[in-house]
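Knowing the structure of chain A, use the given hints to seat chain B on it.
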Amino acid sequence: MHQASAFTTVYTKIEQITKATCSLRAKNVMNEEMAIIDGRAAQVVKMQGDLVTLQIFSGTQGIATDVDVIFLGEPPTLKVGPDLCGRFFNAYSQPIDGGPELEGKKVPIGGPSVNPVRRQQPSELISTGIAGIDLNNTLVSGQKIPFFADPNEPFNQVMASVALRAGADRIILGGMGLSNDDYLYYRRTFEDAGVLEKITCFVNTNDDSPVERLLIPDMALTAAEYFAVEKKEDVLVLLTDMTLFCDALSIVSNRMDQIPSKDSMPGSLYSDLAKIYEKAVQFEKGSITIIAVTTLSGGDITHAIPDNTGYITEGQLFLRKDTDISKIIVDPFRSLSRLKQLVIGKRTREDHPQVMNAGVRLYADAAYAKTKQQNGFDLTDYDQRTLKFAFDYAQKLLAIDINIDIDLMLDTSWKLFAKYFSKDEIGIKKELMDKYWHKEDE
Amino acid sequence: MATKGQIVGVVSNLVTIEVDGPVSQNEICYIALDDVKLKAEVIKIQGKYAFAQVFESTRGLKVGSFVEFTTHMLEIELGPGILSQKYDGLQNDLEAMNGLFLKRGEITSAFSHSKKWEFTPLLKAGDKVRAGDWLGEVIEGWLKHKIMVPFVLEGTWVIESIVAAGSYTVKEKIAVLKNSKGKVEQITMSQYCPVKIPIHAYQNKPIAFKPLETGVRLIDTINPIVEGGTAFIPGPFGCGKTVLQHLIAANADVDLVIITACGERANEVVEIFKEYPELDDPRTGRKLMERTIIICNTSNMPVAAREASVYTAMTIAEYYRQMGLKILLLADSTSRWAQALREMSNRMEELPGPDAFPMDLPAVVANFYSRAGLVELFNGDFGSVTFIGTVSPAGGNLKEPVTESTKKVARCFHALSQQRADSKRYPAIDAIESYSKYLEYKEVQEYMQANFEPHWVEKIAYIKNVLLRGKEAYEQINILGDDSVPVEYHQRYWKSELVDFGFLQQDAFDKIDKATNMQRQRYMLDLLHKICISEFDFTGFAEVNPYFKKMINQIRQMNYSEFQQKKFKGFEDELQSILMERKKT
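Chain order of the listed sequences is A and B. The numbering used here numbers the first residue of the first sequence as 5 and each following residue consecutively. The numbering used here numbers the first residue of the second sequence as 534 and each following residue consecutively.
Hints may be right or wrong, so weigh each one.
[As the list claims (entries may be wrong)] Here are the simulated lysine-lysine pairs, DSBU-like style, with alpha carbons at most 30 angstroms apart:
{"hint": "1", "chain 1": "A", "residue 1": "433", "chain 2": "B", "residue 2": "595"}
{"hint": "2", "chain 1": "B", "residue 1": "1083", "chain 2": "A", "residue 2": "433"}
{"hint": "3", "chain 1": "B", "residue 1": "997", "chain 2": "A", "residue 2": "433"}
{"hint": "4", "chain 1": "B", "residue 1": "581", "chain 2": "A", "residue 2": "400"}
{"hint": "5", "chain 1": "A", "residue 1": "109", "chain 2": "B", "residue 2": "595"}
{"hint": "6", "chain 1": "A", "residue 1": "50", "chain 2": "B", "residue 2": "581"}
{"hint": "7", "chain 1": "A", "residue 1": "434", "chain 2": "B", "residue 2": "657"}
[Claimed, not checked] To spell it out: a stretch of chain B is covered by chain A in this simulated footprint if at least three of its residues, at any positions, have a beta carbon under 8 angstroms from a beta carbon of chain A; those stretches are:
{"hint": "8", "segment": "583-594"}
{"hint": "9", "segment": "631-642"}
{"hint": "10", "segment": "827-839"}
{"hint": "11", "segment": "926-933"}
{"hint": "12", "segment": "960-974"}
{"hint": "13", "segment": "1013-1020"}
{"hint": "14", "segment": "1087-1100"}
[Claimed, not checked] Covered stretches of chain A (in silico footprint by chain B; criterion: 3 or more residues with CB under 8 angstroms from a CB of chain B, positions within the stretch not fixed):
{"hint": "15", "segment": "83-96"}
{"hint": "16", "segment": "120-132"}
{"hint": "17", "segment": "334-341"}
Hints listed in this document are in silico derivations from the structure and should not be mistaken for laboratory results. All C-beta atoms, glycine included, are put in the ideal place defined by N, C-alpha and C.
The following block holds chain A by itself, in its conformation from the complex (with noise of 0.2 angstroms):
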């Protein structure tokens, strides 16, 4: 993979292996450098005078204390260019479509943060056409917002037919621990949809090393701020499955001998991902919007993964089987999307705002009526017409096979609110009650 130059020392004299890293004397070496042992990538992790601890990568099976030790003199680094469009590369940005060796300009991966007063503030709306998500929870450019599903549920489509509506001027997929079968179905879709030449992936299969993922944000995320800041381009970058690099993280702290917090979780685990989301950015020309995917266990929030994700994202898209309809949705009651506020009722129409909240706050009076009817409760006439809201509501606007202009959906809502509610139940202001409330057609 990578050639040493005439002049690099090579050490073949480790003195210590654990399963993930391996310790030997080196002189002039740099912190984060990478380095080369037996082949496999590493990168230095600690320094004690002269002992240099490194994290192998792909692990450490295999490895005799008396291989090569070649480092590299630098981060690790992408090399970035207009050879990243339409490809498909393993987390050391390796070709893994049979196309050529990736060429361009070195960067490190991994890079500073944006100074904050450069940002700008998200103001373009991304419309999907899935209701609950536009509707309810609308999402803006700039923005970083995770799916939280659960292993089982179609998270890979609904991302990957967000992707493809979201109209963005470049998709970059980094893709952890992905099934064999995740991968190809994502390079099918985008090759269907005839989008490839916008594509660029990032993918660690389930049978590379976990270690490995580690570096498919920095990756994905690098090859985004080329494509954002130099050639000005929207870029939508998917992370999936988050969880999946979570889990790597607490691989290595683990092995580093370093004491975990809660859920056996590093300590850093909140600067870490923080790092990750917060590359998120609106700039003047050029955005970089993060949707990724949190896997949750048992639809558990509170664990430290989807708890520290949530405190960093601006939201969350919360998924789950509706079985009253029997399809899935995006929980209304659970999704947010904090940025909603920026463009709702000002790049969609004004009574947007609040017919969301009317909505939300109608099915959620249907799943109290629900309650009492499984406790064996007589329902009161309202309750009745709640729970006959919430079908409707739930079948026309909230499940994820919806495909529907904004507009349209506002009128839907509106349709239902005059079919079951009076005036004074929806509690709208009184103008936008004026001019929408839904006349039968004459």
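This is chain B only, laid out in the frame that chain A set:
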């Protein structure tokens, strides 16, 4: 001769330095890396080794790198020109930096050293002074910025000379002081101050008594904070912590707001950067940015500087407090700061306390909160620093070390509830769980009785009781079923809903409803109080819900209308006629 050293070990941002002379705990040092210098703080010393946390990425550092010590602790520069600035956690001016990306090791001056200020002396040669005394003043925007005797000077000094009124830069000498031991100090308008040592230049810290108006009804009326008080807002993600903080920042009745974005999202700060220069301060008509200072160390910026950022902010707050101003300091979020402490403690392989946080976390938090307060300055003026911190409890569980440590020291507790947020009842502060210790203070009660109305405190207690009884009734209804409880229970429940929808809930995105002044809050509370003490005629429980919903709808429309204007009164009349339909006389 300053101590020097060289790097002998690196793990992440913790470096081990072999030193050739004396070093002190918390001393600042600079590590040479190519052509830049990385700032670091000593956090542990063992023999000839000093352990330092680096405020920047340590990528590329080598064993043997040269280190230079400064003899001083982490300090910031204070003087005219801080107002409206945007700093990182170490007080670098972010606007002055070049390029789209932050450059490692870039240091920018906190304010201009070349700008001339119109200085007016307030004292004359021969006057006796001590730290914090006002030597003179300059006009900084709208405020008379006092030039003070440096806080690091101890004891009494005599002014040997002071310059005449005129224009000077912050680095020009404006006075010479001498103490009894004959020590002479040259004074300029800029002074350096260590951030981890509180500024103590005041007579005493009296009990804070005056409610601070924030425009948020759930705070001002239900659980008020006072000028010089402390409050904290814990809540799981997505419950509206940040929106609430921004609302308070925009509407609070104070002279100056310092916002610390400590390990939080960059886009949230961008919102302030972009909107505050445009938004009007409702009280003065000036732009909000003119009364705001932002310390911004977002989550992707170096972790060690996150800890420094809250201290930098507090020191700036104390500095302006010394001018007799009312300061509001907001920190979002103190949990990120605690996590920064945890990361370091972990790397130093200290024995961990609960949840792997360092053992001294409660002491660190208590120490910080104690820096807020109302102070009486030496000249008899008052200044205050009010501190509101958010806490982001892991998993939304309030029984975690940061929340618990904070609960011991902060006097107001505004708990955000996931349940309220899920049902979109914003602000999602749980009125029953939350408290304000200030309501129990005799001084605060007296102030309220005298300035709000004679029975204000009892009224608040009554309303809180309505909420509590409503909650109990709701539980009973849920257990027994709608028709198995007396209709009275439904009334109780709906009265609490009326208070919730009509008063507690506030639309942060409506230009009228987002901030309610105290006069309006009192008016609305009085109205709701009257409804709550009334009895109504119902023949069955099914009538209760629609009747109260009609009233709630009118009250909400009132909240969306200009106070006491035609529309407002129209809705109020409508409400009164609904009230008459069933009210028992």
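The hints, checked one at a time:
1. A:433 with B:595: violated (64 angstroms)
2. B:1083 with A:433: Holds - the C-alpha atoms of residue 433 of chain A and residue 1083 of chain B are around 13 angstroms apart, at most 30 angstroms.
3. B:997 with A:433: holds (28 angstroms)
4. B:581 with A:400: violated (71 angstroms)
5. A:109 with B:595: Answer holds: residue 109 of chain A to residue 595 of chain B is near 25 angstroms, not above 30 angstroms.
6. A:50 with B:581: Holds, because 20 angstroms separates the two Cα atoms, which is no more than 30 angstroms.
7. A:434 with B:657: Answer violated: residue 434 of chain A to residue 657 of chain B is near 65 angstroms, above 30 angstroms.
8. 583-594: holds (count 5)
9. 631-642: Since 6 is at least three, the answer is holds.
10. 827-839: holds (count 6)
11. 926-933: holds (count 4)
12. 960-974: Answer violated; 0 residues pass the 8 angstroms Cβ test.
13. 1013-1020: holds (count 3)
14. 1087-1100: With 3 residues close enough to chain A, the hint holds.
15. 83-96: This one is violated; 0 residues, fewer than the three required, reach chain B with a Cβ under 8 angstroms.
16. 120-132: holds (count 7)
17. 334-341: holds (count 3)
The structure fails to meet hints 1, 4, 7, 12 and 15 from the earlier list, while all remaining hints are met.
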